[in-house]
Structures are given as structure tokens and as C-alpha cells.
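Letter by letter, the chains look like this.
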Amino acid sequence: MTNIRNWLDPVEATDDVAVVARNVGRTFNGREVLRDVNLTIKADEFVALLGRSGTGKSTLLRILGGLDADYEGEVLVPERRAVVFQEARLVPWLKVVNNVLLGLGSRGESRGALRERGLHALDEVGLSEHESDWPLTLSGGEAQRVALARALVREPQLMLLDEPFGALDALTRIKMYALLQRLCARHRPAVLLVTHDVDEAILLADRIVVLVDGALTFDAYVDLENPRDRGDASFLALRSRLLGELGVDERAPTPLAPSPHVVRSAPAFREGSESVRESYRDEFETKEKVQ
Amino acid sequence: MRIPRLVRRTVGPIAVLILWQVACSAGVFTSYEVASPLAVFDAGRQLAEQGVLVPNLLISLRRVAEGLGLGVGIGVVLSVLSGLFRIGEDLLDPVVQAARAVPILGLVPLAIIWFGVGEMPKIFLIALGSTFAIYINTFAGIRSVDSKLVEAGETFGLSRWGLVRRIVLPGALPNFLVGLRLALVGSWLIVIVAEEINAQSGLGYLIMQAQTTDRTDIMMLGLAIYAILGLLADALVRLLERRLLTWRRGFVGA
Numbered sequence: 001m002t003n004i005r006n007w008l009d010p011v012e013a014t015d016d017v018a019v020v021a022r023n024v025g026r027t028f029n030g031r032e033v034l035r036d037v038n039l040t041i042k043a044d045e046f047v048a049l050l051g052r053s054g055t056g057k058s059t060l061l062r063i064l065g066g067l068d069a070d071y072e073g074e075v076l077v078p079e080r081r082a083v084v085f086q087e088a089r090l091v092p093w094l095k096v097v098n099n100v101l102l103g104l105g106s107r108g109e110s111r112g113a114l115r116e117r118g119l120h121a122l123d124e125v126g127l128s129e130h131e132s133d134w135p136l137t138l139s140g141g142e143a144q145r146v147a148l149a150r151a152l153v154r155e156p157q158l159m160l161l162d163e164p165f166g167a168l169d170a171l172t173r174i175k176m177y178a179l180l181q182r183l184c185a186r187h188r189p190a191v192l193l194v195t196h197d198v199d200e201a202i203l204l205a206d207r208i209v210v211l212v213d214g215a216l217t218f219d220a221y222v223d224l225e226n227p228r229d230r231g232d233a234s235f236l237a238l239r240s241r242l243l244g245e246l247g248v249d250e251r252a253p254t255p256l257a258p259s260p261h262v263v264r265s266a267p268a269f270r271e272g273s274e275s276v277r278e279s280y281r282d283e284f285e286t287k288e289k290v291q
Numbered sequence: 292m293r294i295p296r297l298v299r300r301t302v303g304p305i306a307v308l309i310l311w312q313v314a315c316s317a318g319v320f321t322s323y324e325v326a327s328p329l330a331v332f333d334a335g336r337q338l339a340e341q342g343v344l345v346p347n348l349l350i351s352l353r354r355v356a357e358g359l360g361l362g363v364g365i366g367v368v369l370s371v372l373s374g375l376f377r378i379g380e381d382l383l384d385p386v387v388q389a390a391r392a393v394p395i396l397g398l399v400p401l402a403i404i405w406f407g408v409g410e411m412p413k414i415f416l417i418a419l420g421s422t423f424a425i426y427i428n429t430f431a432g433i434r435s436v437d438s439k440l441v442e443a444g445e446t447f448g449l450s451r452w453g454l455v456r457r458i459v460l461p462g463a464l465p466n467f468l469v470g471l472r473l474a475l476v477g478s479w480l481i482v483i484v485a486e487e488i489n490a491q492s493g494l495g496y497l498i499m500q501a502q503t504t505d506r507t508d509i510m511m512l513g514l515a516i517y518a519i520l521g522l523l524a525d526a527l528v529r530l531l532e533r534r535l536l537t538w539r540r541g542f543v544g545a
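If you're matching them up, the sequences are chains P and Z in order.
Anchor point for the first sequence: position 154 equals 154 in my numbering, and the numbering is continuous, going up by one each time.
Each number in my numbering comes from the position in the second sequence (counting from 1) with 291 added on.
Hints in this document: simulated from the structure, not taken from any laboratory.
All residues carry an ideal CB built from backbone N, CA and C; glycine is no exception.
Be careful, since some hints might not be right.
Unchecked claim - Stretch-level coverage of chain P by chain Z, calculated; a stretch enters the list once three of its residues show a Cβ under 8 Å from a Cβ in chain Z:
# : segment
1 : 61-70
2 : 91-102
3 : 127-136
4 : 165-179
Next up, chain Z with everything else stripped away, as it sits in the complex (with noise of 0.2 Å):
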């Protein structure tokens, strides 16, 4: 029998939702210890209602776009530098893995001195996780084109940066883009954790205010959105791995 796929990917997350609402009901938790899935989802009208969610959801969302955009443009130049010539990788690449081994989050207080309360430090964090994420990958990526592919181009008698701009870079694409994804995922991660330390707005800072007044409600609210939005972020750079890698034949699974 044929399902489709996207009723088959959504039993599993539909099935939890239920489990989680009958356990609610059910009383294997109290409201305070697990809000249940009604109970978040009348949160999260309540909030629209009043006319917070949707600001806060949108400085959020803007902190993550401005620290990625920063993150993804420092670590493309970074990593084409270090990828194409060796006198950059060894200028560039010891700084970057020793900086890469010091966990952000660690940072959050050091980001606080030197950049204040504002949007600065939040923005800073995030793009230091995406030029990261990018610049493993996207390296990673430029190394690992086909020198056989390079020497056709150079014996076809495509200049040094016809050589780049045609086989070096489209080649690293696909890394790229496994780094875009990480840099996603770790954007929000960043923005939560910075937003319940040091914000008075966005998502992060719902959920601390939420802890104080013990709406467990709200805090999951918070945390399922920023699962969608995740999922979201996740679906995005697929439809830019189809729209980018049509010559692609890998495995998809059988």
C-alpha cells in the first residue's frame, strides 16, 4: 500500500503531540512539571492576543538573520582564503580551529563587557557559531574537489579564476551548504541561550519571564517554536540543495 510520504513523516511527530496530551490529562504530570499540548497552544493565543509573541518572535528572528548573514559572509571569505592558497590556511586555519575549540556560549560574559546589553552581543555570538560552522565545511569542501577535475579544467584552458568560479567553488557548494544547515541549527541555539541571559525581547527572554512567574505554559510555547522554526530553517536549505544540486544523483534511500 502507497502512503504518502508526507503523511508517513508526520505519524511519528503527531504521535508524540498525543502521548503527550493523554499523559497531561491523565495526570502523570501536574501543569506545573508539563504544560500539555492544548494548554501551550492556548499560551501561545493568549500571548498573539495581547500582542507580544509576534514582536518578540520577529526581534528574534532578526537577531538570527543579522548574525548568520554577518556569520556566513566572514566564513566564506575565510575559508575561500585558507582553501585556495596555502600561505592563508596557514595564516588562517591554527587561529580559526584554536577559536573554534572555545565553546561560544562560554562567551556570553566577555560579549556582555565589550559589546553592552544591546543587540551587539547577541549578533556577535551567532555569527561566530555560523562562521564557524561554514568555514569547517566550506574548507573542508574546497580540498576535497577532484584535482583530476582541476587539471582537466587547467588542460582545457580555463584561467586560475575561471578554474575557481567554475570547478573549485561549485564543487565546495555541497559542503557549503552542510555548514549553512549546522550554522542554522546553532543560530538558534545561540539566540535562546543569549536572550534568557542578557534581553528584555524576543523568544529567549519570553521564556525567562515565564520561569518567574512559573507559566510552564509559555516556556514550552517558546521551546515549540523555536522546534518549528528549526524545522523550518532545516526545509529551507533542502529546497536550496535541490535548486542548487540538480546534478547530484546521491542516494536518497531505498
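This is chain P alone, in the form it adopts within the complex (with noise of 0.2 Å):
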């Protein structure tokens, strides 16, 4: 990482940082959206940015990713960068392997050679054989693969994902995550994932991270074996811990969740009624996440 750069003032930068924020603060119209921000991330390191919607978790990616500049504090970003957003934000009217080449100039590489570029990028996300099509005829999923291909095929050196899996349904998302970890392995750039679904936080990160309400609350590091189960107790354990961070409590009854007197009004049920109640909740947190 030798190309830092520099946004403020300078802060001394080691090889192997990808990251530097000090003391980022963020206002809109008078209203403090970030509040001394502290947040170092490793060259090759996958940090989760976990937080409620409106937290400014978006605010704190846009300022890394160079999209916002009337910031506070200090800022350290490589130079190459690359983001994939929640929606695909594929050109229309470019083919797949044109948004894949995006911006990209021919700097002493003839077309030909970028082309080849473009294409293995593709292949790297499987889709080589979508290179001419035009993006409305993908799908979800394929477009995502397709701004992967699009962030990937620039070397970046920090990657930054703004909820790249919200817009997915949920066999979409968990091919996505396997994608997103075979990249990830090959190419070790920096990952900020900003998410609100810490199950996806966990299966996926090197090292969560928490923002409530524009500060940052929680930062350690994911200790659990690859593949990661999502029924394993310390999964678990970490799962509880995060909602708690971010002010949801498991065992608090939902409003969706069956009435009692529902329940109870089904003999058959009678018996097990506490372990299907578990089960409904269950299926409702899942679903629910932390909006």
C-alpha cells in the first residue's frame, strides 16, 4: 500500500493499513449524523460495519469511498477504491462488460488487453457468457455479480460494500456470500461491509464493528472457524451479544409473534406450545433482523 492518500492532513500510514479515520465527525442541516469516528482497518482485513438503519453507517462508507468530503476529522483511503452499492447501479445502456470496464481508460493497455480484463473479471463472478447483455435482462443476483466484477477488475485495495446483499432474496444472498469470500481469499483487499444483518456480519468478517447512533460502540474481532455455522453456540453467543449492542432484545415478545391465547386454543400444541412459540420467534428474528 504505498500510494496512500492523503485527504487532510497527513497521518503517518503504514504498509500495512488500508484505513485511517481519527475523530470523523459528520453533520447534515445541524444534525450530527457521525461523532468521532476512530477506525483503523488492516490491509487484508474484512471488517463488518453493523448498525440500525439511520445510524450513518452509509454516511461513514460515502466519506471513505470519497463520495462525501464536507467531513471532520482525518481521513487516510488508498488510492484505488472501489465500491458496489445496493443496487447495482449498472449503466442501462452499456453492455455488462462495458459497466465492467467502467471509467477504466486504455492508459497504455490496448482495448483488446482491457477487454480481456473485463471478461476474466467476469468469469471471476461466472458470467462470462453475459459479457454482451444488457443489464435490465439480469436478474438481481447477477447484476450484484456484475458490480463485483465491476469493484474486482480495478485491483482495489480497499473495497467498500454498502449492504450489497439488502436488495437479495435470501438463496441469492447466501451464494453471494460464498462468491464474495472465494473473491475475497483471491484478491485480499480491504473489505468495509456495511450492513445492518449481523448473521451476514458474522458469517463473513474478520472483525465487527458497531455504529449506534453515529458513534462507534463495539469493535473485536470474529473468533470463530470457516466455514462458519450459524447454529454453533458461539455463534450464537456473538449473535445475542450484537443485538444487544444494537438494542434488540431477543427474549422481548414481538408484536407478530402468536398470541398466548392463540396458542392455547390449539390442543394439539398444547404440550409443545412453548417450543413452538420458540420456533415462530425464531423464524420471525431471522426474518426480521434488526431493521
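Dock chain to chain to rebuild the complex, using the hints, since each chain is given by itself in its own frame.
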């Protein structure tokens, strides 16, 4: 990481650090969205930034991505950054491969060589046969894979993922997790994944930080073996811990849980009513996650 | 049962033609009031044989082409300046909006004073009309380009010019084509009026001449030709849309 880009005052940065954010704050029309955020991300570290909606996680990501310059504090990020947004944001009138190559001028590189790179990136996400398709003909998952290819083709030192799986269905999401893990293992960029999905954070990240009301309140390494098992006791313990951190009490009754009256009136379930309720609650929690 | 689209689309116009012919043959109208389709066709053949029809048609076509070309060019330049730059919008938009509120055909007398009776006043009026149609639509198109796409382009290193060329202008293209369609229709409207008021040639002139000689068939021939040209122009823009907007999967009807 030799070409660390300096945004504000110089801060010393070493080769194995991708992101340094010091005392970062951001105010929108007098409303403080980020407050005194300190975050360092190592060169090949996968960090999940967890928070409820509206807590400033996307704001932090946008600052690190260079999309928002009106912040206070100091930020150092590498020159080669790539962002994947929640919507794939593919340019509809550029064919898939040209979307991947968007903004890559052929500096000292022939058009053919550039195109080769694009095709290779598409191949990595398993979409090489879609190179000359129009983006609007792709499914949501495919579009998001193109967005991943578009990020990776730049060999980013820092990859910023803004709830990239938020709009995908559950099955597609599982596949995307595996794909992202493969790609990160191969390219080793530093990753900041912004999400409100606790399970997603635990499944993917080396380290999880939690943002509550614009301030970092939690920062810990995920000490679980890969591949991670959602049923594992330490997975569940961490999950509870993080939900608590986010202010969600798993044990509290939820408005959509079946009322005791309904359970009681169904004799067949009386014996197992407790466990029935439990499973309902689990299902609900998994669906709801932390909104 | 599957009936080809082309057949379904021609049923309506043909039915109208038949009704029209039947009504004329049955004496519902006198031939002075309404000429029958066959009479109109006959008038066309006569004028063509006399060598009157084609030269006048070409002159009208040329006026439309020149005025439209000029108007589209000016409209695109103005809308890009206004669409891309706040200062351009502030300086240009109020002027264009105000000018647009003036009925173009109301300018015919002024155009004659300014440009005399030659080709210039006609081309000027057509250019003016198409400029507005192009400007309004292209400007709206540029401003409706998804800012999220622009932002994505920025993060992936597109220069300002790259953003304009790869994202903003292609994004405004569908609206530009809507404007082009309106400009084409408007151009035919303007050329007929301009030629009727002040010309020694062109289709509008033929129609005016026909009025002085009570030739309803020639008047209606002129109108029929305008209708056909309008349809052709529309088809041309549709073709352009199909070629340029292949990336769109818009709703095309059930």
C-alpha cells in the first residue's frame, strides 16, 4: 500500500494499513450523523460495520469512498478503491462487459487487453457468457455479481460494500456470500461491509464494529472457524451480544408473535406450546433481523 | 386466431377510406364539399403527370429538413448548456420558456418582415418550433438522469466529460427522441401554414391555389400527403428508437 492518498492533514500510515479514520464527524443541517469515529482497517482485513438504519453507516462508507468531502477529522484511504452499492447501479445502455470496464481508460493498455481484463473479471463471478447482454436483462443477483466484477477489475486495495446483498432474496444471498468469500480470499483487498444483518456480519467478517447513533460502540474480532455455522453456540452467543449492542432484546415479545390465547386454543400444540412459540420467534427474528 | 400486427394496424384506416368512398358515392356530400378517395387519387395522378406534384413536394420536404436540422442542432446545444450547467439554466431557461409561450404561427407576419418572402421565413419558423420541442424534452431528459448512476460513474473514475458522454447524454436520449418526434410533427404543421400564407411553391401553396379554383380534390390531396408524410416521419423516429434504445425493456402493451 505505497500510494496512500492523503485527504486532509498528513497522518503517518504504514504498508499494512488500508484505512485510518481519526475523529471523523459529519453533520447534516445541524444534525450530527457521525461523531468522533476512530477506525483503522488493516490491508487485508474484512470489517463489517453493523448498525440500524439511519445510524450513519452509509455516511461513513461514503466518506471513505470519497463521495462525501464535507466531514471533520482525518481520513486516509488507498488510491484504488471500489464501491458496491445496494443497487447494482449498472449503466443500462452499456453492455455488461463495458459496465465492468466503466471509467478504466486504456492508459498504455490496448483495447483488447482491457477487454480481456473485463472478461476475466466476469469469469470470476461466473458471468462470462453474459458479457454482451444488456444490464436490464439480468436478475438482481446477476446484476450484483457484475457490480462485484466491476469493483474487482480495478484490483482495489479497499473495497467498500454498502449493503450489497440487501435487495437480494435469501437463496441468492447465500450464494453471494460464498462468492464474496472466494473473491476476497483471492484478491485480499481490505473490505468494509456496511450491513444491518447481524448474521451476515458474523458469517463474513474478520472483525465487527457497531455504530450506534453515529458513534462506534463495539469493535471485536470474530473468533470463529471457517466455514461458520449459524447453529454453532459461539455464533449464537456473538449474535445475541451484537443484537444487544444494537438495542434489540431477543427475549422480548414481538408484536407479530402468536398470542398465548391462540396457542392455548389449539390443544394439539399445548404440550409443545413453549417450543412452538420459540420456533415462531426464531423465524420472526431471522426474517426481521435488525431493522 | 393470430392476425399479423401489420394487418390489424391497417384495418382502421382502410375502413375509414371505404366509409368515406361510400358516403361520397351515395351523395352524402357534394364533390365540392368533400372529394371522394378515388377523386383525390385521380387528382394526384393528374398533378403528377403535369409535373406539378413532385417538385412542390420536394420543396416542402427540403424546407422541413433544413428547418428541422437547424432547430435540432440549436435545441440540443441549448438544452445541453442548460441541462449541464446551473448558470446555463439560469441564463437560458427563462428566455426559452418565455419564447416558447409565443405561438409560432403568430410570428408569420413578423417573419415576413424580417426575412422577406423567400425560403428564410419558412426555415426560420420551422427551426424555431423544433428548437423548443427538442429543448424542453432534452433538458428534462438530462435532468432526469439517475444521480446514483452519475455517482457510480464518479467513483469508478469517469472524468466530467466521461460522465457527460457515457452517462448523461445517453440517459437523455429517450427524451430527445420524444422531442424529435414532436419537432417532426410540428414542422409539417408550420410548413403548411407558412406555405399557405406566403409562398409560390410547396404543398401548402398547391392547397391555396386549389382553394382559388374550387378544387376540393387537390386540397384534400395535399392534406392526405401531409398525413402520409407525418406517418413516415413517425415511423422514422420509431426506427431510430429501436436502433438506439435496444437496451430498454419498456412496456410495449399486452
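For this session: Confirm or reject the coverage of the segment 61-70 of chain P by chain Z under the rule of 3 or more residues with a beta carbon closer than 8 Å to the chain's beta carbons.
Result: holds (count 3)
Exercise. Can the segment 91-102 of chain P be counted as covered by chain Z under the rule of three residues or more with Cβ-Cβ separation shorter than 8 Å?
Worked result: holds (count 5)
Problem set entry | 8 Å C-beta test of the segment 165-179 of chain P against chain Z, three or more residues | violated (count 0)
Problem set entry | 8 Å C-beta test of the segment 127-136 of chain P against chain Z, three or more residues | Result for this restraint: holds, n = 3.
In this structure, only the earlier hint numbered 4 is contradicted, and the remaining ones agree with it.
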